[in-house]
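Q: So you can see what is in the structure, the chains are spelled out below.
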Amino acid sequence: MALYILCTILFSLGLYCILRKRNIIKIIIGVIIAEYAVNLFFVLIGYRVEGRAPIHAPDQKILNMVDPLPQAIVLTAIVIGLATTALLIAIAMRIYEKYGTFDITKIKELKG
Amino acid sequence: MELYILLGFMILGAIIAIEIKDLLSSVVAVGAVGLGLSIMFLILKAPDVAITQLVVEILALIILVRATLKKDLPFSASGRWFFNTIITICFVALFLIVGMKCFKDLPGFGYPIMRISSVYLKDGLSQTGAANTVASVILDYRAYDTLGEATVLFTAVIGVLAIVRRIGRKKQGKTIGEDDE
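Line by line, the protein sequences give chains P and D.
Following this note's numbering, the numbering of the first sequence begins with 198 at its first residue and continues without gaps.
Following this note's numbering, the numbering of the second sequence begins with 85 at its first residue and continues without gaps.
Only chain D is shown next, with the shape it has when bound in the complex (with noise of 0.2 Å):
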């Protein structure tokens, strides 16, 4: 019961993250409906990753803050408003049939498959010495992803500081141009 009302939360937090002017108050309204996620995270037995998404969500919340301060735009209504609105709506439409059919595929709530899951809740103490499966998933079973995510991680800051960096680097005698590169 209280996962409904959860998701509604965040359902109308997502709302009004949309459709609000100002943005500020959007990021801030994004913010409530990471932290409700992370309670939701936290109903559904996965503590691990209810703790990580509360320290994503605050250190995003702070990164968009930072990018939207003092930087308003009005709304603009230009242009081919209703037929770009009924597109975006037929569009969304169709996703949203589609995915109900396929949902008849998937297990029932609450009853998930586990065929590999099973495995590792019975060995994964003797195998790994990890009292904690998710740990011994990603470190051990799993650690050529979590390898992978941190090379993500890794070319993703680099890309972060190279367009961020305002000046280039000086060369012998010349400077490079200041606002590109």
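Extracted from the complex, chain P is given alone in its bound form (with noise of 0.2 Å):
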């Protein structure tokens, strides 16, 4: 319960990073860090008391495993993460080489 508590503070930072921020650099931060935060939790849920990997062995002696389901869901979303974390990145590159600089409250007239 504490752990679900802590989890959802750090997904609150992220969101507090994305929401005050001015910086672009600084807001595609506070995505990332949300998006550890909602991994983390759904992996959190699985988790089972006294369990182990969910490979199986010859020899295996304890039964109980962990809930394989989140882990394989948030394999995906990692991945996906990746993908549009770099999507963000380049628009934000591309900002930059317009404009000269990553803040929001400058980024007003169009250009070009």
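No wet-lab data here; the hints were simulated from the structure.
Idealized CB from N, CA, C, for every residue including glycine.
Watch out, some of these pointers could steer you wrong.
What the hints assert, rightly or not - With a Cα cut of at most 27 Å, we get these calculated BS3-like pairs of lysine-lysine:
1. P:K305 <-> P:K218
2. D:K105 <-> P:K305
3. P:K303 <-> D:K105
4. D:K105 <-> P:K218
5. D:K105 <-> P:K295
6. P:K305 <-> P:K295
As the list claims (entries may be wrong) - Computed Cβ-Cβ distance ranges for the label pairs, DEER-style:
7. P:T298 <-> D:K206: 49 to 59 Å
8. D:A215 <-> P:I288: 15 to 25 Å
9. D:L209 <-> P:K305: 52 to 62 Å
10. D:F187 <-> P:A274: 14 to 24 Å
Dock the two chains into a complex; use the hints.
A: What follows is the structure, encoded as structure tokens:
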């Protein structure tokens, strides 16, 4: 329970960074932190006390394994997160080339 | 116990990453958060996710460092600084309170429900022949999910290439403008 609350605090730190900061790189960092918190929350939900990793072995003694379904979903979500982060950074770099700044309050006027 | 220490380390790293002025230091702090997350997956008995997180974290760090190198921005406190901060903190606090009310309905930490996963764990080895149940889930039971993931990945790579490319394709005789496209 306390771990869930700490995980939510990590997510809300990312949310604060997205809402409050003006630097585009800082906003991307907030998105990354929020994404980490969500992935961690999925794996925390699937954890089982005294469990073992969901890999079958011929000489296994302990029978209860942790939940494999959230792990599989998080595995796809991590890779998609990398792709979207790369897309965000590419857009940010083009904005820097065009306007010469990362500050979102200065990117008001249309150019070109 | 070590989960609490690692999660505290991650929260500390996130605070440093958010509040520090220098962009490069901020990116490095995010890298520390991601590596702590990788160790945490390992403790939570998810080795596949831990390995993937490690690789993805280092790649994201390289891309971020490439974007932020030698591009610094001084902190600007103009505008309605106080008002904005108050509104943001109110919104985040509301989110936290609602989230904590929802946690009562979740199963407790360490005791998942596993209605579907028990079938995967019981029949996975005989039905798919994969010793690793996570691999049998993503590549056999939920293969369409992985196909959709590959589609999203492909689309994102096309988007990155279209954005980063400098000069548009040349037509017969005339050149398209250099800075846009």
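Q: For this structure, which hints from the list above don't hold up?
A: 8
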